[in-house]
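Asks: Chains A and B are the protein sequences, given in the same order. Position in the first sequence counted from 1, then plus 78, gives you this note's numbering. Position in the second sequence counted from 1, then plus 78, gives you this note's numbering.
These are calculated hints, taken from the structure and not from any lab test. All of these numbers come straight from a predicted model, not from anything done at the bench. Please note: incorrect hints may appear among the correct ones.
Same chains, same names: a pair is fine if it fits in one copy or spans any two.
The calculated lysine to any residue pairs, modelled on SDA-like cross-linking and capped at a C-alpha distance of 25 Å, are [what the hints assert, rightly or not]:
1. Lys190 with Gly386
2. Lys190 with Val388
3. Lys190 with Glu271
4. Lys219 with Asn120
5. Lys190 with Leu383
6. Lys190 with Asn354
7. Lys254 with Gly384
8. Lys176 with Glu257
9. Lys175 with Pro335
10. Lys219 with Trp267
11. Lys301 with Thr312
12. Lys190 with Thr356
13. Lys190 with Glu135
14. Lys190 with Glu358
15. Lys165 with Val201
16. Lys190 with Arg202
17. Lys190 with Thr352
18. Lys190 with Asn360
19. Lys176 with Asn120
2 protein chains.
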Amino acid sequence: MTDYPQLDGFRGGPGIVRLIGHRGARGVMPENTMEGFEFALNAGVRAMEFDVVLTREKTPVITHNHHLLNAATRGVDGNWLRGDELKVAELSLSEIKKLDVGGLDGRTIYGKRFPDQVFMSDVRVPRLEELLDFAAQPEGKDLLLLLEMKSEPSNTGERRGCTTIVDAVVEAVRSKGLEHRTILHSFDWSVLEECARVAPEIPRSYLSQMPENEDEPGEDSQKSVAPDFHSLETSIPQAVAAAGGKLWCPYFMDVTPDRVAEAHELGLLVSTWTVNETDEINAMIDAGVDGIITDYPGRAQRILLGRGLVW
Amino acid sequence: MTDYPQLDGFRGGPGIVRLIGHRGARGVMPENTMEGFEFALNAGVRAMEFDVVLTREKTPVITHNHHLLNAATRGVDGNWLRGDELKVAELSLSEIKKLDVGGLDGRTIYGKRFPDQVFMSDVRVPRLEELLDFAAQPEGKDLLLLLEMKSEPSNTGERRGCTTIVDAVVEAVRSKGLEHRTILHSFDWSVLEECARVAPEIPRSYLSQMPENEDEPGEDSQKSVAPDFHSLETSIPQAVAAAGGKLWCPYFMDVTPDRVAEAHELGLLVSTWTVNETDEINAMIDAGVDGIITDYPGRAQRILLGRGLVW
Chain A
79 MTDYPQLDGF
89 RGGPGIVRLI
99 GHRGARGVMP
109 ENTMEGFEFA
119 LNAGVRAMEF
129 DVVLTREKTP
139 VITHNHHLLN
149 AATRGVDGNW
159 LRGDELKVAE
169 LSLSEIKKLD
179 VGGLDGRTIY
189 GKRFPDQVFM
199 SDVRVPRLEE
209 LLDFAAQPEG
219 KDLLLLLEMK
229 SEPSNTGERR
239 GCTTIVDAVV
249 EAVRSKGLEH
259 RTILHSFDWS
269 VLEECARVAP
279 EIPRSYLSQM
289 PENEDEPGED
299 SQKSVAPDFH
309 SLETSIPQAV
319 AAAGGKLWCP
329 YFMDVTPDRV
339 AEAHELGLLV
349 STWTVNETDE
359 INAMIDAGVD
369 GIITDYPGRA
379 QRILLGRGLV
389 W
Chain B
79 MTDYPQLDGF
89 RGGPGIVRLI
99 GHRGARGVMP
109 ENTMEGFEFA
119 LNAGVRAMEF
129 DVVLTREKTP
139 VITHNHHLLN
149 AATRGVDGNW
159 LRGDELKVAE
169 LSLSEIKKLD
179 VGGLDGRTIY
189 GKRFPDQVFM
199 SDVRVPRLEE
209 LLDFAAQPEG
219 KDLLLLLEMK
229 SEPSNTGERR
239 GCTTIVDAVV
249 EAVRSKGLEH
259 RTILHSFDWS
269 VLEECARVAP
279 EIPRSYLSQM
289 PENEDEPGED
299 SQKSVAPDFH
309 SLETSIPQAV
319 AAAGGKLWCP
329 YFMDVTPDRV
339 AEAHELGLLV
349 STWTVNETDE
359 INAMIDAGVD
369 GIITDYPGRA
379 QRILLGRGLV
389 W
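With the sequences and hints as input, model every part of the structure.
Replies: Laid out in structure tokens, this is it:
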């Protein structure tokens with residue numbers, strides 16, 4: 079046990095590597111949906127990594143990008159959205175709730191990345207509050223929340239206007255009494271600085287991705303809001319520790335055993351994303367990470383068990 | 079609509095190929111479990127193919143083989159069963175209910191066949207009645223049941239002592255008023271003959287597999303109880319039609335467009351099993367089957383959608 083009990087669910091150790099469901103279980107179920115979170119939890123994955131963006135009226139909703147992906151969104155007529163993608167910040171909650179995010183358009187590059195994802199209908203973008211309510215109920219009592227806050231790529235000023243999302247998220251988490259089950263998580267370290275100021279009782283997770291690594295298709299790049307890692311005067315783990323972080327979440331291609339060891343010496347936990355292929359999962363276990371964020375929790379469970387590990 | 083409304087859920091047509099969840103969704107979830115059936119139904123697959131065997135006290139339970147697979151069964155101590163596999167007919171319901179069928183032993187050939195299946199704990203072999211109760215509730219109202227009855231391989235006499243399982247299954251289905259949602263299904267055509275006699279109001283499905291095709295690892299062979307297809311005086315579809323069958327369920331390696339067309343001319347519906355790989359699913363769509371029984375409903379859905387089809 080620690081001052082932050084939720085960290086125990088992200089801490090590896092002898093015989094243990096933690097699994098974190100990426101947007102629920104994107105390989106199997108529609109991402110960032112209540113259906114996906116419930117599936118992953120039902121499958122024995124306690125921790126969920128998911129993404130929060132604000133609507134026009136500043137309601138936090140769970141969706142990955144600032145724009146709704148046409149490849150994953152159908153309109154009220156049942157057809158895929160086309161043309162310029164809709165910006166969440168310009169939509170009302172009621173407008174968003176009319177859209178169906180239960181399936182992927184298999185003709186798109188994004189859709190082809192997840193060929194086994196089930197195709198559902200009448201699935202809605204959840205409000206953050208819906209997931210928090212579920213976590214507060216008996217059936218959701220085991221859930222841990224790795225809550226990613228998206229900041230605007232255009233918010234590149236010193237404070238970057240990040241207080242709105244921080245305030246909205248922290249208020250929601252506190253209103254459900256889930257401070258001990260949540261970790262605040264972002265690529266935008268200035269957002270996390272704001273979190274440290276307004277919610278020191280909630281631990282923070284620092285995402286990183288070296289700029290030379292390719293983005294995966296269909297993902298909003300968050301590199302523009304992340305620190306310039308090449309110009310840091312220290313290593314990334316040192317910078318996370320200096321910022322008061324508890325968890326460091328590097329892109330899996332940036333992970334080495336030495337970097338993990340360094341993070342552990344600094345008292346950090348390390349969870350890496352998004353690790354889906356068998357070889358990659360094995361390599362991350364070998365590198366000594368505490369946790370693996372994956373779209374395929376079943377596959378990762380089976381690999382762990384095959385190596386005598388649990389999650 | 080027909081006299082048997084459940085058949086509509088198995089009938090293909092222009093733009094439609096039906097999907098049937100094989101033991102729920104074995105590629106993703108533990109097979110023949112309530113958790114698996116609920117997953118598949120939630121994913122929009124209405125029809126489930128599953129297997130019924132009797133316990134020592136003649137209670138119908140849902141499990142595939144006459145013996146519980148060691149590769150899929152843990153004892154009360156949490157360890158995999160070892161040695162001679164337990165025979166369901168020799169176990170009481172309470173003994174079976176102590177066993178955990180929530181995961182696969184990945185070291186086994188059977189376990190390796192389904193590397194993405196999630197690993198759950200405290201998952202029990204369901205009684206048939208549990209699934210029927212679920213189907214009778216509002217949340218299960220869309221469910222259609224392709225209920226396979228296993229007969230003893232040793233029952234090779236004329237009547238083969240098959241009345242016990244038929245009586246138990248028919249009584250259970252009738253007691254829940256689900257005759258219009260069920261199809262009785264077997265490799266043992268003498269069991270189906272008995273069904274015709276005692277439950278003419280429930281349509282019947284005739285399984286076939288040519289003996290030259292390999293069994294998949296971990297499956298009880300049902301070839302010994304099936305007719306000798308090579309010695310039939312007619313084609314298999316003709317024999318199914320002559321027996322009063324409504325559905326013919328050939329092994330996918332036995333399917334040809336001509337055989338499907340012949341079955342359709344005879345007024346039969348054709349569902350084929352167990353079709354998991356992309357090429358196989360495409361070939362079965364090309365062959366004109368009405369339905370595809372698959373362990374991977376998400377994958378099959380996506381392939382259908384990619385071809386402009388629904389299920």
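Asks: Against this structure, judge whether each hint is valid.
Replies: Quick rundown of the hints versus the structure:
1. Lys190 with Gly386: For Lys190 and Gly386, only the inter-copy Cα distance (16 Å) is at most 25 Å; the intra-copy one is 33 Å.
2. Lys190 with Val388: Between copies only: 18 Å across, 31 Å inside.
3. Lys190 with Glu271: neither (37 Å within a copy, 46 Å between copies)
4. Lys219 with Asn120: both (12 Å within a copy, 22 Å between copies)
5. Lys190 with Leu383: between (29 Å within a copy, 12 Å between copies)
6. Lys190 with Asn354: Answer is both; intra-copy 15 Å and inter-copy 17 Å each pass.
7. Lys254 with Gly384: neither (38 Å within a copy, 42 Å between copies)
8. Lys176 with Glu257: neither (31 Å within a copy, 38 Å between copies)
9. Lys175 with Pro335: neither (44 Å within a copy, 44 Å between copies)
10. Lys219 with Trp267: Classified as neither: same-chain Cα gap 29 Å, cross-chain 49 Å, threshold 25 Å.
11. Lys301 with Thr312: The answer is within: 19 Å in one copy meets 25 Å, while 68 Å across copies does not.
12. Lys190 with Thr356: both (19 Å within a copy, 13 Å between copies)
13. Lys190 with Glu135: Neither. Shortest intra-copy (34 Å) and inter-copy (50 Å) distances fail the 25 Å Cα cut-off.
14. Lys190 with Glu358: The answer is both: 20 Å in one copy and 18 Å across copies each meet 25 Å.
15. Lys165 with Val201: This pair counts as within: shortest intra-copy Cα distance 19 Å, inter-copy 43 Å.
16. Lys190 with Arg202: Close inside one copy (21 Å), not across copies (35 Å); limit 25 Å.
17. Lys190 with Thr352: Close inside one copy (17 Å) and across copies (23 Å); limit 25 Å.
18. Lys190 with Asn360: both (24 Å within a copy, 16 Å between copies)
19. Lys176 with Asn120: Between copies only: 20 Å across chains, 27 Å inside a chain, cut-off 25 Å.
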